[in-house]
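**Student:** Whole structure, please, built from the sequences with the hints as guidance.
These protein sequences, in sequence, are chains A and B.
When we follow my numbering, the leftmost residue of the first sequence carries the number 1, and every step to the right adds one.
When we follow my numbering, the leftmost residue of the second sequence carries the number 1, and every step to the right adds one.
Hints listed in this document are in silico derivations from the structure and should not be mistaken for laboratory results.
Any given hint could be a false lead.
To give a feel for the contact side, a few chain A residues facing chain B, derived at Cβ under 8 Å [as the list claims (entries may be wrong)]:
| no. | residue |
| --- | --- |
| 1 | Asp55 |
| 2 | Ala60 |
| 3 | Ala84 |
| 4 | Asp87 |
| 5 | Ser92 |
This structure is a prediction, so every number in the text was calculated from the model and none was measured.
Cβ atoms here follow ideal geometry from the backbone N, Cα and C, with glycine treated the same way.
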Amino acid sequence: MIKIETREINRYIIVDIKGDVDLYSSPQIRKVLLENIAKKVSGLIINLKSVSYMDSSGIATLVESLQRLNEYRGKLVITHVQGAVKDVFELSRLDKVFTIVDNESDALKVCNVEVN
Amino acid sequence: MNRTDTDSIQLTIPAKPKYLRIIRMTIRYICKTLNLNSGETNLIILAVDEACSNIIKHAYKGPTHQPIHISCVMFEDRIEFILEDQGERANLDEIKSRQLDDIRPGGLGVHLIKTVMDVVTYETNVERGNSLKMIKFLKPRDINDKN
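**Tutor:** Rendered as structure tokens:
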């Protein structure tokens, strides 16, 4: 089962995903991401710390979100890409297309968000 | 025990995304039995999962109770997967990897399968549906357990 939780910091939405991202769960993740993009949030920070598997439908969801955010200069930052998930990004050669950082702190720096 | 024959495992699931997890777990245990490392295991799981997803999306045009048959045959030097469905015949001209510089959602599955597996063949000589054969050759260091 997938678990998706969102937090907001200065108009940026942090999306914490827990579970496998596959053909079953990707539509649920897509729904959450696109709902926030429709609100014209400043950006999305996707936390994959608790994701140990992602397939091409997950990558496709992230690509679609990136393209929609680009339409209004919103940002997409992905954190904690590791193990099998990192393999999928690299095999897709999309690891250079996305902004990927180690952790949430680095993601907020990329987004120029100061947290007190 | 001197094994000259092959071991095989068959699994059938309804073509629904919620059952893909069962496929992944089963293949993980098969790879563990073959002493494959975690990197290779993850890639093999990805390729078979992508192939099953393609059957659901393209052969059956969405989730259905109809079956996906997965046969895994373990040889000394390789592992073979044969996936069969009873869905719409695949158009082989349309089954190709897309250009990776064409950044768009979708179309990555076939690229991932062909990148991970050493041999990927679509069997067209079947009565109905589709049959996909994927072969992954194993590195010699992986072949430790011959029983």
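**Student:** Hints first: check each against the structure and report whether it holds.
**Tutor:** Status of each hint after checking the structure:
Nearest Cβ of chain B to the Cβ of A:Asp55: about 6 Å, under the 8 Å cut. The hint holds. Using the Cβ-Cβ criterion of 8 Å, the hint placing A:Ala60 at the interface with chain B is satisfied: the shortest such distance is roughly 4 Å. Proximity of A:Ala84 to chain B holds as hinted, the smallest CB-CB distance being about 4 Å (cut-off 8 Å). For A:Asp87, the interface hint holds, the least distance from its beta-carbon to any beta-carbon of chain B being 6 Å, beneath 8 Å.
Annotation: A:Ser92 was flagged as interfacial toward chain B, and the flag holds, the nearest CB pair being 5 Å apart, inside 8 Å.
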